[in-house]
Amino acid sequence: MRGWDEGEEDRKESLKRLTEAISQSGSDIWRSWRIYRRSLLAVVGLMLVLSVVTVSIFASDIAVEHPYRNLQDTQDLWTRDYEPRRAHPFSEECDWHEQSISLTQHRRDEIVTVVAVSDNKVGESIADGYYRDTLSVIELLSLKDNKGYDLNTSLISIDPNNSSILVLSEELYDNMSLTTIWLTYEFDNEAMHLWWMPDGYDVCIFGTNNDGQDMFSKVLYGSRVSLRIGITVALLTVTIGTIVGSVAGYFGGRVDEVIMRICDVFFAIPGLILAMAFVTAMSAITSLTMPLWLGILIPILFLAVVSRTYLTSTIPQENQLSNQVMGSLVRNRNIFLGLLVFFFFVGLIPGVSWSELFGISESREWRLSAAIGIILLLGLIGLADKRFIEKSSFDGAEERVSKSLDWTNPWKYLTLRTVAVFVAAFVLFRWSGSTDDEIVVIENFGRLWKIQAALIFTGWPGYARLIRGQVLYVKEMTFVEAAKSVGAPPGRIMFRHILPNAWAPLLVAFTLDIGGTILSASGLSFIGLGAAPGTAEWGLLVSDSRQFFVFDPHLMLFPGLAIAVTTLGFNLLGDGIRDVLDPKNRR
Amino acid sequence: MKLHMFVVRRLILLVPVIVGVTILTFTISHLIPADAAAAQCGDKCGIVVGYTDDGDPITAYEANRERLGMNEPLIIQFGLYVTHLYEGDWGESSTYHRPVADVVKDAAPITLEMAFLALFIAYPLGIILGIISAVRQDRMFDHISRFFAIAFVSLPIFWFAMVLQLVFATGTESSGICDPLFGTSGGCFPIYGRHDPSLTYPVDGFASFYPVGGTGFHLIDSWFVTDAELTTLPAEFGSNWLLFKDTLLHLALPCAALGIASSGSLLRYMRASLLEVLHEDYVRTARAKGLSESKVVIVHACRNALVPIVTILGFSIGGAIGGAVLTETIFAFNGMGRVAVKSIQYLDFPVIMGVTLITAAIFLLSNLIVDILYAVIDPRVRLE
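Residue numbers (our numbering), protein chains in the order written: chain P, 1 to 587; chain W, 1001 to 1384.
One chain only, chain W, in its complex shape (with noise of 0.2 Å):
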């Protein structure tokens, strides 16, 4: 099969999925114990607005309930659903006050950036500890490593960011939380936020010193924001580089609890993977060369092994979102874990729905992107 046909093959796939994405979504908000339509009147919902044609009266209520089509079948609705959907209308939100396209617009790079940043941690960290494991195999270090492999994922996400604050982002005299500065005392991160305090000012509801037509994404955003912006900063932020270092080392903490807890299954499936690989003819081949033994496993056994963890990726990114939900809560970042959060305790369900499709969206779309890169890796599962 060439390439292009197994990517169409691939969306076509995709098809099924997305419409059942949505069916779920619409079957769980229609469990919603909460009436939109009395929702949107409050306490006006007894008021009169108008009478039908027989004379009768119609209150605030039914006339909601006619506007928002509750009235018609489910079937129906679900298409009125599907096409609000299309034409981006998500509903508006109760507790920003805002459609929930732009809240989700505005929390999605959050959870991203932070999700991506994890894991690069992960990555590196879980590849190298799962080859170092597979060449040393039964010996000490092997044994250590993938009890911490376990350990790590044993691991409550939400306790493991409360530590990690606790021994990097508080003092250790008792009066407590550090300046948010690395280096400036004792060598501390910051405690949580997205960025420094003195560089938050309220915007739209979210305090973000960045203008609102970046990427959202602020290591990206620091190197843009231009020279004028930056004179009216205080002064320990007047470069982007600065700007850069400041982001950093506030993702440095949730990223790393994020970050070390996803890397104990990937040491796992490298270790797996390289230990498999190990046993095959080629890398026989390759020591009866006479190669030296780190040549053999670095060039010809790595590389065929990292091949399947190509594969994980995806349901990496989406582990990762999942768990930026708990990370983003403790660190208060404004992303979308926490904008779901937050949503939940004021019932504002169409926000839960927006998060619910919109980590959907990016994690169907960065498995696509995986699986075209395994065909592109690995001819042979174009062959299926």
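Isolated chain P, as found in the complex (with noise of 0.2 Å):
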């Protein structure tokens, strides 16, 4: 057995290709770039792509409010307060502030002060609580009865050690016709001061909603959903439509027209149409259970197998045992793709319909054992690996271990793969949790999860349709037979020759999607099929300004513009990227 210090060598040669490659992809970036930057539009795409990426990421530090905070809370104090509605862009109403104190409840109570902060209550969503500021009054601006007539403003005055409470004079107390007053000030909010503007633009440019919401606020927030959205989606359905494309690709044929025939079904209905009614079908769905999962993730797992397979046998210097194991497989394919069809249909019906359709009764042992059987199998299928099955004896097996895992040369693992491999993990980990008799996936499987999963249903077969005709084409070039001959293993020729040279469409629709759904999701959203009410959600926002938009027309404009620009900037990075990998601009 080796130990540490045997392998230096080692070490020191995979640390040294490491850094080749990457010095290698670092002067292919330098060039790209140079390339990228020829086009002025792209590099406005890049820009603005970035800078919403910034944007998200920063929108806690730029936001002047949090979008939830509402002054128009049902409780307290604050009941029957005024926050500006539909306040407009740099208008001065922004910081101003209605309130109403009920006289009659001060005598009783012998209230001296009325002070114009409520607690801060702090909460993720609207149904922790809203956000609250503290307010520090600045002016009094007027003082009304409760019949509308003015009262001078003297007779309260703010208290000169705390600016956030009020001192309402005896006057006020003595007079006992009067039961309520209304006050107006202009409150010092500090939120509402954006520091990277210069003093005296201390408004919201943006205006206010309906709810007296800072909209420049909500608008920032937004970019974190519709990006979240976007990339989710687009980088799913990419996983989703390269295993079936390649499948498709690889196989040609009959499977290739069976998967193609499927893809025309799912382009047969328009996208949007389709969304919706998935969405729709969904909304009992509370959380992502293990059937649920499975039924999706079994038919994209055994296209991978069979394909995996299907590329093993193609190789002419061939494991036997493997063969005879995986073998069956290729052979059964008829009945294996009548099983895809079967579960990428009928999988997709709740774990009810499962046990309904096997006639199993419906338990939660029934459940778990099934998902504890398919996980095995699941696992089963995956370890069926070439070298598994070499050596799958038990004798010796501490030294194999100790083989197999060459602790020697750490680096040597630090592939695409093995990266690819632990983030798949983490974010399973993340993501998944237990309620009482499930395995949940997915916890809190709510709207938004909704429709990306719709947009992943209605979007892969396009690239699915994009990576066969790359598979295709780049199948029967002269590099691939050349590789094959010199006996490369499979995984070589897919993950070095054929995916290497298949990929730069589907970077260019890749990034062009995430574009497509960021539109797609805000016009689910905007039909109310997307975020909750209340969400900052740019669709959203935009729908809930539409009985107000002829006379506030600033509530749609900029959420609308913000949707336009975020997906104005990924289709221009899109195009740059295609103009980058044009084989013609490689000079």
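Treat the hints loosely; a few may be bogus.
Claimed, not checked - Label pairs and their in silico Cβ distance ranges: (1) 533/P <-> 1280/W: 50 to 58 Å; (2) 446/P <-> 1232/W: 52 to 60 Å; (3) 24/P <-> 1151/W: 34 to 42 Å; (4) 507/P <-> 1018/W: 52 to 60 Å; (5) 57/P <-> 1139/W: 36 to 44 Å; (6) 1308/W <-> 26/P: 38 to 46 Å; (7) 54/P <-> 1281/W: 25 to 33 Å; (8) 473/P <-> 1082/W: 48 to 56 Å.
As the list claims (entries may be wrong) - Straight-line C-alpha distance at most 25 Å; calculated SDA-like pairs for lysine to any residue: (9) 1342/W <-> 550/P; (10) 1342/W <-> 449/P; (11) 1342/W <-> 533/P; (12) 1342/W <-> 446/P; (13) 16/P <-> 57/P; (14) 1002/W <-> 179/P; (15) 475/P <-> 1381/W; (16) 1342/W <-> 528/P; (17) 1002/W <-> 257/P; (18) 1289/W <-> 1061/W; (19) 147/P <-> 100/P; (20) 1342/W <-> 283/P; (21) 144/P <-> 105/P; (22) 1342/W <-> 534/P; (23) 1342/W <-> 448/P; (24) 1002/W <-> 1381/W; (25) 1342/W <-> 253/P; (26) 147/P <-> 184/P; (27) 1342/W <-> 85/P.
Think of the hints as simulated: they come from the structure by calculation, not from any bench. Quantities reported herein were computed from a predicted structural model and do not represent experimental measurements. We put the beta carbon where it would ideally sit given N, CA and C, even for glycine.
If you follow the hints, you should be able to join the two separate chains into one complex; please do so.
Written out as structure tokens, the structure is:
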């Protein structure tokens, strides 16, 4: 057994290779950048994307208030408060606050002061409670009695020690005919003062919405939602589409035909309408449980395994043992293909229908055992690797483990695949939880998750078709033949030869798709299928503004512009990348 | 391959897709949480309606389940679903209290009218700008029009429609909304609706002046309104032309929103296609013959560059129908999109599935026609 000291040469070699690879990619990136910056539009696109990403990261720092802050809380002191509704951009009213004070209550409670603050209530969502701010009063603007007649503002004064406390004068208390007074004051909402704006511009720059919330903050926070949806959906659709598409491309023939017909089915229904139907259908699902998750995962993993097997079988020097095991998969691929189609459509029905389908009683035990059984099955399929089967005896297991895990040279394992596996594991771990009777993959499968699921559901066929065409094209090239003839392992052919030559249009489509997804997601939100009411989501903000947009166009203008600018940024970026990847520009 | 063989082959290819669409809609409609049996009997589900042979009571709910075939295995249920679809029994809408087939039949022409008119705007705009862009490659005009092409693609269509409403359909004075007839008050368009409010009266749940028996496309129906019917109308709509103009004006903004949004991708396709053709040998030959540049571009290059544009037509129709969901919601057209959105709010699933099926049917049909058209124009396609 080799020790750490013996592995030094290997470590050095691996490190050297890594450094070389990094410096090589560094120069590649530099060259690509020089091509990229030729186009002004592409640079503008990159700037837009970068600024949107920056804004979304620092939204909580730039925003003037939390998007859920609302002074029109239905509680205590603030019941009848008035926050400037639909105040126009740069209007002074943004800093005004109107408040009603019940004098009868004050007389009864013998309170001499009235405070312009309420407790700061902090919550992450509307359900948890609104955000409130401490208001320090700058100037009293008007004072009215309950009939609307003006009173002298000197009847109320600001406490010199604490500008959040208003002191009612004796006169107000003595006058028994007054029951309620309305007070308007200008407050110094510290949050409203944008630190990056010059003095004198401490106003809301996008105005306020119908609930008196600052639109600027809402739009800023909206970037988080949109980017999250855009990037998650695009990543997952790319993954699914690549797997399905490459399987179609490799198998060709009947397999290709079946997969492409499935894609045609998806193309036959306009994406937005299909997504609408899908989101509605999912309205009862509150958490993504294991059976449901597996219903989505199994077809994909199956395709992945089959494609791997197929690749393995095309290599001449093939390990006999793995052929025996995996060969049956290939031989019976029609049956498996039937199963695939079956799982694809039926597997998406929630767990209840699964048990209906197989006639098994619907119990917690059944679901758990089914889930565990399927996990084991998947594990077995995953482990049915060439190397694993080769050494599937327990003699000298310890030695083999130490051999197969070369800890003297840990750098060897720092590959893209390892990183990807770890990231995937982390993401799954992060999202998963458990309720009483289910293993839950994604807890709180809320409305945002549902749009994402719907967009993935409708989006993958596009990628499948794209990557299929690419694989068909690259598969026939001489360098693939050459790699095969020198006996390169299938994984190497796939990752080193075919995918690097097929990824260019994929990357472009991916970038363009982020923009497209943001558009579709906001469209779904607009018709009321997306984010929950009150969420800072751009589509929803536009939708909320519909009844006021004739007189208060700013409510709809800014969130819409945000969508347009973000999408434009990604589209320009995609175009720029296309130019960079275009062989004609490589000189 | 002969053309008719191509058509037959194309039709055969359509069968699995249709089967797939029905499987897909069936699956989605079985994802629904709402129990159709419970929805039909409402609060009377517990009432005993009969007894089994063994003397056990049967509640209304159980009877409904039995009647709707919900106790059958899924495969049998799918068979029933397909049979019902084929017989035209698409279920009963709980929102409109009418058969789904009727609801969809009324709504489809409205969406189609909007989508087709939008394409009438998108195609000329996209093609002409695309041609100019390609001819003036890498000049100022090209850069600007390419930027706008990308910008149009990036516009959220619902927002763009609202901006159009704001600019063209609301008055400058603070009083707001303007008279919905072009020319009468400062030249602005009607803000929403399919025709003037004075022309509408409720018929069967839909506000419409036009007789039910027409084509449903008001641009066509307006020419078939009889003189007797015209006399019952307000004076400003007293002729077929005025009715037509009214419909057209109401369609203008939604179609402009849809059309401009879809012209962006067309422009790019046309530009790419024409640039490719301009490098062909026959274009060089035409130039060598001494033809004028405009003749070379228009007669020789464009005709060939337009051929691939035909193929996108099918997809554009699908895209326009998808976009119409949003514009209809904004402009208050009772087309398929608005019907679907409304039924989603009330979880009226038969209508949603009906809309999904009918859009799929329209899309497949238009793609079929486009493919055949393509094969007629470009015989090379048939050789595959």
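Verification of the supplied hints:
1. 533/P <-> 1280/W: 50 to 58 Å: holds, 56 Å
2. 446/P <-> 1232/W: 52 to 60 Å: holds, 53 Å
3. 24/P <-> 1151/W: 34 to 42 Å: Holds - the Cβ-Cβ distance for residue 24/P and residue 1151/W, about 37 Å, lies within 34 to 42 Å.
4. 507/P <-> 1018/W: 52 to 60 Å: Once the Cβ atoms are compared, 35 Å apart, the range 52 to 60 Å for residue 1018/W and residue 507/P is violated.
5. 57/P <-> 1139/W: 36 to 44 Å: For residue 1139/W against residue 57/P, whose Cβ atoms are near 39 Å apart, the range 36 to 44 Å holds.
6. 1308/W <-> 26/P: 38 to 46 Å: With a Cβ separation near 40 Å, residue 1308/W and residue 26/P satisfy 38 to 46 Å, so the hint holds.
7. 54/P <-> 1281/W: 25 to 33 Å: violated, 51 Å
8. 473/P <-> 1082/W: 48 to 56 Å: violated, 39 Å
9. 1342/W <-> 550/P: Distance ~23 Å between residue 1342/W and residue 550/P Cα, so the pair holds.
10. 1342/W <-> 449/P: holds, 22 Å
11. 1342/W <-> 533/P: holds, 17 Å
12. 1342/W <-> 446/P: holds, 21 Å
13. 16/P <-> 57/P: Not satisfied, since the Cα-Cα distance of roughly 35 Å exceeds 25 Å.
14. 1002/W <-> 179/P: Given that 25 Å is the threshold and the Cα spacing comes to 92 Å, the pair is violated.
15. 475/P <-> 1381/W: holds, 24 Å
16. 1342/W <-> 528/P: holds, 10 Å
17. 1002/W <-> 257/P: Holds - the C-alpha atoms of residue 257/P and residue 1002/W are around 23 Å apart, at most 25 Å.
18. 1289/W <-> 1061/W: violated, 82 Å
19. 147/P <-> 100/P: holds, 12 Å
20. 1342/W <-> 283/P: Given pair residue 1342/W, residue 283/P holds - Cα atoms ~16 Å apart, limit 25 Å.
21. 144/P <-> 105/P: holds, 17 Å
22. 1342/W <-> 534/P: holds, 20 Å
23. 1342/W <-> 448/P: holds, 20 Å
24. 1002/W <-> 1381/W: holds, 11 Å
25. 1342/W <-> 253/P: violated, 44 Å
26. 147/P <-> 184/P: holds, 15 Å
27. 1342/W <-> 85/P: violated, 29 Å
Violated hints, listed in ascending order, are 4, 7, 8, 13, 14, 18, 25 and 27; each of the other numbered hints is respected by the structure.
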